[in-house]
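Chemist: Kindly generate the complete structure, drawing on both the sequences and the hints.
There are 2 protein chains.
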Amino acid sequence: MAAEISERRELVLKLVIQEFIENPLTPVASELLVRKYGMNVSSATIRNEMAALEDLGYLTHWHTSAGRVPTDAGYRYYVENLMDRTPLSATEQRTIRHQFYQVRSELDQWIQLAGAVLARTAQNASVVTQPRAYQVRFKHLELIAIHDTTVLLVLVLHDGTIRQQTFSVESARSQDDLSRVASRINERCHDAVVGKIEDLLHQDRALPLPTLDDLEQQVLDLVVKAMRQLEEQVNSQIHSDGLIEMLNQPEFAQVERVRQVLEMLQGGKGLSPLIPRALASNGVQVVIGGEHSRDEMREYSVVLSRYGITGEVVGVLGVIGPTRMAYPRTISTVRYISTVMSDLLGDLYGGESNRS
Amino acid sequence: MAAEISERRELVLKLVIQEFIENPLTPVASELLVRKYGMNVSSATIRNEMAALEDLGYLTHWHTSAGRVPTDAGYRYYVENLMDRTPLSATEQRTIRHQFYQVRSELDQWIQLAGAVLARTAQNASVVTQPRAYQVRFKHLELIAIHDTTVLLVLVLHDGTIRQQTFSVESARSQDDLSRVASRINERCHDAVVGKIEDLLHQDRALPLPTLDDLEQQVLDLVVKAMRQLEEQVNSQIHSDGLIEMLNQPEFAQVERVRQVLEMLQGGKGLSPLIPRALASNGVQVVIGGEHSRDEMREYSVVLSRYGITGEVVGVLGVIGPTRMAYPRTISTVRYISTVMSDLLGDLYGGESNRS
DNA sequence: TCTTAGCACTCAAGGTATGTGAGTGCTAGA
DNA sequence: TCTAGCACTCACATACCTTGAGTGCTAAGA
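For the record, the sequence lines run as chains L and U. Sequential numbering from 2 applies to the first sequence in our numbering. Sequential numbering from 2 applies to the second sequence in our numbering.
I should point out that these hints are in silico values taken from the structure, not numbers from a laboratory. Heads up, some of the hints might be wrong.
Pairs involving identical chains hold if they fit within one copy or between any two copies, as the list cannot separate such chains.
Stated by the list, open to error - Subject to a maximum C-alpha distance of 20 Å in a straight line, what follows is the list of computed DMTMM-like cross-link-like pairs (lysine to aspartate or glutamate): (1) LYS15 x ASP85; (2) LYS226 x ASP109; (3) LYS37 x GLU23; (4) LYS226 x GLU199; (5) LYS226 x GLU107; (6) LYS226 x ASP215; (7) LYS270 x GLU297; (8) LYS197 x GLU232; (9) LYS270 x GLU233; (10) LYS270 x GLU257; (11) LYS15 x GLU5.
Modeler: Written out as structure tokens, the structure reads:
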């Protein structure tokens, strides 16, 4: 019984995995494959094939008299070679696109919607990061008088990120005054990267008679600080959704697992190492169970894709679930939603969206 | 054995509840009270008292040979009459205030921080709503050219809410053009409620020669729509945190409960009926188990408080947990954080903060 | 009238024994 | 190379028993 892969062996592997994905509580038995999928051989033959697949490392046993269960390697082989790659049905595509169409003008709802749709379609938890520019670039700022010496600064960056913060000025200023300062800064800093603004500030301070007044300097300081801060937290916020969907999966019968997942998602601890990889690559990335660098992720798989406009703004979105997840459907979903999001961003920035 | 409340009976009730709060898995036995709290009577006497408290409806049995467990009425009596009302320790207060001090200028982080601190201090899930003005009032808007005919509208309302959305204009406009339109609108709509803006729009349309140009009309339409939308969703977003903390509570050993909680928190379904009540009342509100109108909340208690500046902006924050929760600590925490948040808002708006 | 010692009674939880059946591995023959 | 047949394994369910914590009640004492 040479441990090589034959066509029939592949079929057995594929069926075992698909069966197990559908019915994750019970290991799949040789007899079942014959009965349910009408194979033309006896269960004994299947058993032999299964034993061979076990030698190859694609299947395992929980105990001697239990059916077979896929290993991480098995899933990997399945995803690479065996899986059907059918896209989402036209109906589903239409429904999804329609939902996005309805919020097309509300930028901040895209993320939320993407998370919700991913979770509901893939029946697992979803993660979505804000689309971020490769470089943090200034777009616009606004100063709003709130009260006495308190001013609200609203900073809009080139990638659509909005930051708001308040600060105190030494003496009360009128709204007109503030607006004038804002528009002067907007003119000077148009599309500038943070370094440019810093230079501006330094040069000006070196002059004997600065052309920037105190308030302008103060505001620019704040802007620089805010932009630097954004630059550092590369992964930005990881928005996640679909915990309930994930909980409905049978593997979460014990609370322990639930806690694990919550900790992984909280602050994206378990996920952040994956983000840069996803940003750097085209197409959908799949990381299965033990392939994760972190131990606490060993029992989960992650399907991620980049979305956005190459060279302009990019983000990451994906699904996280138990290693036994419906890979074909999940992958199609992630791929599709990433193209939808890319298209949306394309419309916004007028660039070519990054369809993979 | 008359079913009346005596001093000793109250003590027994108090001890039973405190003991059960500390050790929620085991019903408290008469013997234990004598041993642990060194009472000067025998366990039989305590048993009699417990039986009386059971007649009064403050305690129950799970089965004949199990210790006593508080009922919802018992908790209620405890919260109203028996509980120690010690505030958070000075050290804790200082730590908390310090954390808020560090993000004092970043308005949008207050909510997040309040949620996190509430959850960590009370060891349960927390909920925080955005502070909202009684009336939605216009503060400021900004138009930013994004690309060709796409314009980003940033709308700042009087209570600090920021809404961003994009829209298309018929013909491309320069940023200067957009800024001019924005500042005209800002002048006209200063501090206006939505009705005012609508009037302005209607009146103008009725004129033979409108003073507002097309773009201005389009923008004002969007503003009105956005403001109306905000007015309707009174409860705004309910931000919640601390799921993990809650999961660490022993009552969440079964996933069923976890799912319940998730569903309650998701979109604040279970909570929204409580918000108006909390907004309308001073001080800390406690709703215990069966007192909830919704069945799915029967096993949970909620501690809520309003925060903000009366007559200006108000929000709600609080904690949700199993009926057996550490009421004294939770209530102190909610009360304290609500005053901290009120103070912060007070600084921002220059009003008197709503300390209760 | 209140308190308490004593005792019978109850019941959840944990342990052990046993049966059941699904499923495998192996062997020998087609 | 496939397959029928059979012994073997092991999780799971069921029933049964034991244990002990804790109560309720009674009757005697303060």
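Chemist: Does each hint hold? Answer for all of them.
Modeler: Hints versus structure:
Proximity of LYS15 and ASP85 under a CA criterion of 20 Å is satisfied intra-copy only: 10 Å inside one chain copy versus 64 Å between copies. In this assembly of identical chains, LYS226 and ASP109 lie within 20 Å of each other by CA distance solely across copies; the values are 17 Å between and 23 Å within a copy. In the homo-oligomer, the alpha carbons of LYS37 and GLU23 lie at most 20 Å apart inside one protomer (13 Å), although the nearest pairing across protomers, at 53 Å, exceeds that limit. Taking the closest pair of Cα atoms, LYS226 and GLU199 come within 20 Å of each other only inside a single copy of the chain (10 Å); across copies the shortest separation is 39 Å, beyond that limit.
Within a single copy, LYS226 and GLU107 get their C-alpha atoms only as close as 27 Å, which misses the 20 Å cut-off; across copies the closest is 13 Å, which meets it. Taking the shortest alpha-carbon separations for LYS226 and ASP215, only the intra-copy value of 17 Å comes in at or below 20 Å, while the best inter-copy value is 39 Å. Within a single copy, LYS270 and GLU297 get their C-alpha atoms as close as 10 Å, which meets the 20 Å cut-off; across copies the closest is 32 Å, which misses it. Taking identical chains as interchangeable, the C-alpha atoms of LYS197 and GLU232 lie at most 20 Å apart only when both belong to the same chain, with a minimum of 14 Å there against 41 Å between chains.
Taking the shortest Cα distances, LYS270 and GLU233 sit within 20 Å of each other inside one copy (16 Å), while across copies they are farther apart (37 Å). For the homomeric pair LYS270 and GLU257, the shortest alpha-carbon distance inside one copy (17 Å) is at most 20 Å, but the shortest distance between copies (26 Å) is not. Taking the shortest Cα distances, LYS15 and GLU5 sit within 20 Å of each other inside one copy (15 Å), while across copies they are farther apart (71 Å).
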